[in-house]
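S.K.: In case you want the letters, here they are:
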Amino acid sequence: MIGVFQDAVRRRQEVIQENIVPGQRVIGWMCSYVPEEVIYAAGMYPVRVWGGEEPTSHADSYLHVNMCSLVRSTLEQALRGKYDFLDGFVTLNTCDNIRRLYDVWALYQKTHFTHIMSLPHKVTENSIGYFTTEVARLKEGLEAAFDISITDDSLLRAIEVYNRSRSLLRQIDELRKRDTPPITGAELLDVVLAGMILPRDRYNSLLEELVGALEGEKAPNGNGGTRLLLVGSELDDSEFVRLIEESGGMVVADDLCTGSHQYWNLTQADSDPLRALAQRYLARPDCPRMHPSEGRLERIRGMIRDYRVEGVIMAPISFCKLHCEGGVDLSHTLKAAKIPYLSITREYNLTSAGQIKTRVESFTDIIRGI
Amino acid sequence: MVTVQEGIKEFQGIVDRLGGTIERLKARSTAKSDLIFWQALRDYYGRALEAKEQGQPLIMAGMFPPHELFHAMDIPYYVAENHAIMEGQATSELREKLFDTAEGYGMPTDFCSPHRAAVGLAKLGMQLKPDLVVSTATTCDQTLKLYDLLADVYGVPSYLVDSPYRIDEAGLKYAQQDIKDLISFLEERTGRKLDYDRLKEVLRLSKEAYDYWEKLYELRKTVPCPVGGRAGIKDLTLIQTSSGTQIGVDYFKARYEELKEKVERGEGVVPEEKYRVAWLYVLPLFDLSIADWLEKEFGAVIVVDSFGYAASDIDLNPEDPIDFLVKKPLKRGFVCRGYAPNEYMHFVDDLAQVCRDMRADVAILLSHWSCQQYTGTIRMLKDEIGGRMGLPFHVVNGDLLDPRVVSSEEMKDSLAEFFNAVLKG
Numbered sequence: 016m017i018g019v020f021q022d023a024v025r026r027r028q029e030v031i032q033e034n035i036v037p038g039q040r041v042i043g044w045m046c047s048y049v050p051e052e053v054i055y056a057a058g059m060y061p062v063r064v065w066g067g068e069e070p071t072s073h074a075d076s077y078l079h080v081n082m083c084s085l086v087r088s089t090l091e092q093a094l095r096g097k098y099d100f101l102d103g104f105v106t107l108n109t110c111d112n113i114r115r116l117y118d119v120w121a122l123y124q125k126t127h128f129t130h131i132m133s134l135p136h137k138v139t140e141n142s143i144g145y146f147t148t149e150v151a152r153l154k155e156g157l158e159a160a161f162d163i164s165i166t167d168d169s170l171l172r173a174i175e176v177y178n179r180s181r182s183l184l185r186q187i188d189e190l191r192k193r194d195t196p197p198i199t200g201a202e203l204l205d206v207v208l209a210g211m212i213l214p215r216d217r218y219n220s221l222l223e224e225l226v227g228a229l230e231g232e233k234a235p236n237g238n239g240g241t242r243l244l245l246v247g248s249e250l251d252d253s254e255f256v257r258l259i260e261e262s263g264g265m266v267v268a269d270d271l272c273t274g275s276h277q278y279w280n281l282t283q284a285d286s287d288p289l290r291a292l293a294q295r296y297l298a299r300p301d302c303p304r305m306h307p308s309e310g311r312l313e314r315i316r317g318m319i320r321d322y323r324v325e326g327v328i329m330a331p332i333s334f335c336k337l338h339c340e341g342g343v344d345l346s347h348t349l350k351a352a353k354i355p356y357l358s359i360t361r362e363y364n365l366t367s368a369g370q371i372k373t374r375v376e377s378f379t380d381i382i383r384g385i
Numbered sequence: 013m014v015t016v017q018e019g020i021k022e023f024q025g026i027v028d029r030l031g032g033t034i035e036r037l038k039a040r041s042t043a044k045s046d047l048i049f050w051q052a053l054r055d056y057y058g059r060a061l062e063a064k065e066q067g068q069p070l071i072m073a074g075m076f077p078p079h080e081l082f083h084a085m086d087i088p089y090y091v092a093e094n095h096a097i098m099e100g101q102a103t104s105e106l107r108e109k110l111f112d113t114a115e116g117y118g119m120p121t122d123f124c125s126p127h128r129a130a131v132g133l134a135k136l137g138m139q140l141k142p143d144l145v146v147s148t149a150t151t152c153d154q155t156l157k158l159y160d161l162l163a164d165v166y167g168v169p170s171y172l173v174d175s176p177y178r179i180d181e182a183g184l185k186y187a188q189q190d191i192k193d194l195i196s197f198l199e200e201r202t203g204r205k206l207d208y209d210r211l212k213e214v215l216r217l218s219k220e221a222y223d224y225w226e227k228l229y230e231l232r233k234t235v236p237c238p239v240g241g242r243a244g245i246k247d248l249t250l251i252q253t254s255s256g257t258q259i260g261v262d263y264f265k266a267r268y269e270e271l272k273e274k275v276e277r278g279e280g281v282v283p284e285e286k287y288r289v290a291w292l293y294v295l296p297l298f299d300l301s302i303a304d305w306l307e308k309e310f311g312a313v314i315v316v317d318s319f320g321y322a323a324s325d326i327d328l329n330p331e332d333p334i335d336f337l338v339k340k341p342l343k344r345g346f347v348c349r350g351y352a353p354n355e356y357m358h359f360v361d362d363l364a365q366v367c368r369d370m371r372a373d374v375a376i377l378l379s380h381w382s383c384q385q386y387t388g389t390i391r392m393l394k395d396e397i398g399g400r401m402g403l404p405f406h407v408v409n410g411d412l413l414d415p416r417v418v419s420s421e422e423m424k425d426s427l428a429e430f431f432n433a434v435l436k437g
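So the protein lines, in turn, are chains A and B.
The numbering of the first sequence is this note's numbering, which starts it at 16 and goes up by one.
The numbering of the second sequence is this note's numbering, which starts it at 13 and goes up by one.
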């Protein structure tokens, strides 16, 4: 059952191509603050834009090497033509790296529709009102670029569909609270990532089946390892998590934008779907770009308690300023709470697997008192 | 946790040293603006010190929040980054101690060096403990997180003035409400009420200073340029410390009059101005003498840099204070105007136009190792200014405050190679 999701992630480009309905527009998005529902409501196919395995030789001539490897790898894919099939590219001013990726993409790529949303840095009535206008602007941008109309009804339907995904994923996530969860951290990451590739309706059907299978699971998949919370920058390679879980760890919770942030909270749909979406996306678990940082720290403390976490692995991507600097106050918080933590600064593509394995093994040994 | 007394002692030392500088300047013939500069700086540090000694509220501010608001509410402040740069310029021993301390606190080594210095100062107790921290989302991720960290070090409340990614109608409305919320925050935390008439008066003074600052920028377009590369940073220091004060106006007026006289005499910075340089970022702050070296070695005068670029297309009206405070940062150099999509703010075209307006012969961009906000624009600027405009364009790798990344000598070698190639060409 999990294999379907893993296959979607491994063959992501081909799977997207296999699922495009003739005549359907495909809109690439980057960053989990993008309200996908608007793209779905437009009858379009939203797909996550991310990097690949190739070296970033082309991208490095556009974006300096001090920019994170995620955006350089993503740009590399675009420059190699891997995203030529996209009709649009949507993102936000999430961080400096993504901002400049967008500027370069908009200037040098020939994507028909490019759009960057302005994302507030805090959650207040004022910022929700502002972000509502930004969600509306995205809607209007799609309507103008593709000569379509996105109705409130279609938005409400989209909200319902995405809420369903999130509810199902939350149900799966809850199972990780068990002593021996029926799904590993690596497997759940693939399940979540697959939702950024597969058409949403098909994805929901697969999730329904998976929930049924997991809840009835008698033989646990959990490896009995040290219960870990994984925190960090964008992660779309479950091999990293698998490595941790083969080194004595068991990832039972995460604070990842490609993980629990995707499904943690639902949209409270009412008569104003745009505002409802703005509210949901702003109020979702905080990225370290959000102010104040206490919101994020409080959530992490809650997860440590609720998932009976024994240790935290912080895994920022090198040059990811938000997560690297966000890790400073997180490490102090963990230290004050006497929660063991390990910081592994990584690259977008998995490198130094041997070193990571050794470090995680030592970390889990220390926690277990070995 | 650092003690209050340690910070007071440090600031008292600064005020005393500034006082000494002023006395020495008075004893010899010096430019009027120079004397005013040091007096303004002493007043600024003196106000902060007095607040602490008297148990009055003190703000630690970022570079871009509305400082005029603090003046209007009589709440002294000091800008953490400016202070860190000033201290970091003192000696290499101090600088490295600050970096080590910050890195020991957990800051990665690739973080912006002025920011590491700021955290180092905080952890070492070498500055006044604030009661509040007020910062902005402009202009980069590191600025955003720095003040979160500082508020955490000091255990004090903080307010982030958000920066919409476009100042369009909705962005303006959001930002205006945010400023109003800041006012409420300050009133609540300090017990002081904002007098809007007082604010308008402060803004009139601020505008007057900004108007002179823009005129200074216009004077730099003259051939030969009447002022050298170091000017921008000094001017910006007063923009940040003294906007909204009479002494701020006095400084810029004096500066303008001095430079106007030079222009009328046809006097440039160097005997023979061979190259006009558009320095498309900040000078390396740990060694500003690189600007002097360029002048002496190549007759190359930096006619504009990021800090010295005063945009004139933003109207500031003191009678509309909230609007004024929202739009004011956009006047300040590429740094603020680059916090927007290029397709919206056209900052690449903007900088190309700056090169034309300043009659630049060459464009140089210091690629500050930590600055993704800027390094991400290198290719776009190179293609536009170096490519389409055909201006000789050079990227010099470096760092703002950490010479261990790239030393002065390495930067000079890179610049010399470029200028020699331009000369031969």
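If you're looking for bench data, these hints aren't it; they were derived computationally from the structure.
Heads up, some of the hints might be wrong.
Claimed, not checked - Residues on chain A that point at chain B, a partial pick, calculated with CB under 7 Å:
id, residue
1, Arg115
2, Val343
3, Ser346
Said to hold, decoys possible - Derived lysine to aspartate or glutamate pairs resembling EDC-like cross-links, with alpha carbons at most 20 Å apart:
id, chain 1, residue 1, chain 2, residue 2
4, B, Lys265, B, Glu105
5, B, Lys185, A, Glu140
6, A, Lys125, B, Asp46
7, A, Lys125, B, Asp193
8, A, Lys125, B, Glu115
9, B, Lys308, B, Glu279
10, B, Lys192, A, Glu140
11, A, Lys137, B, Asp180
12, A, Lys137, B, Asp193
13, A, Lys350, B, Glu115
Stated by the list, open to error - Covered by chain A, according to a simulated footprint, are these stretches of chain B (three or more residues, beta-carbon under 8 Å):
id, stretch
14, 118-129
15, 144-153
16, 187-199
17, 234-242
Since this is a predicted model, take the numbers as computed values, not measurements.
Backbone N, C-alpha and C define an ideal beta-carbon position, used for all residues, glycine too.
S.K.: Are A/Ser346 and chain B close enough, Cβ to Cβ, to be under 7 Å, as the hint says?
M.R.: holds, 6 Å
S.K.: Given the hint that B/Lys192 pairs with A/Glu140, does the C-alpha gap stay at or below 20 Å?
M.R.: Holds, because 13 Å separates the two Cα atoms, which is no more than 20 Å.
S.K.: Next pair to validate is A/Lys350 with B/Glu115; report whether the Cα-Cα distance is within 20 Å.
M.R.: Given pair A/Lys350, B/Glu115 holds - Cα atoms ~17 Å apart, limit 20 Å.
S.K.: Is B/Lys265 within 20 Å of B/Glu105, Cα to Cα?
M.R.: violated, 37 Å
S.K.: At a threshold of 7 Å, is the proposed contact between A/Val343 and chain B supported by beta-carbon distances?
M.R.: holds, 4 Å
S.K.: Assess, step by step, whether the Cα of A/Lys137 is no farther than 20 Å from the Cα of B/Asp180, and give holds or violated.
M.R.: Holds - the C-alpha atoms of B/Asp180 and A/Lys137 are around 19 Å apart, at most 20 Å.
S.K.: Keeping to a limit of 20 Å between CA atoms, is the pair of A/Lys125 and B/Asp46 held or broken?
M.R.: violated, 52 Å
S.K.: Is the Cα-Cα distance between A/Lys137 and B/Asp193 20 Å or less?
M.R.: Between A/Lys137 and B/Asp193 the Cα gap is close to 13 Å, so the pair holds against 20 Å.
S.K.: In terms of beta carbon proximity below 8 Å, does the stretch 144-153 of chain B have 3 or more residues touching chain A?
M.R.: Per the Cβ count (3), the hint holds.
S.K.: Within the stretch 118-129 of chain B, is the number of residues with a Cβ closer than 8 Å to a Cβ of chain A three or more?
M.R.: holds (count 5)
S.K.: Need the status of pair A/Lys125, B/Glu115: alpha-carbon distance at most 20 Å?
M.R.: Outside the cut-off at roughly 43 Å; violated.
S.K.: Taking 8 Å as the C-beta cutoff, is the stated coverage of the stretch 187-199 of chain B by chain A satisfied by three or more residues?
M.R.: holds (count 3)
Of the numbered hints stated above, those contradicted by the structure are hints 4, 6, 7, 8 and 17, listed in ascending order.
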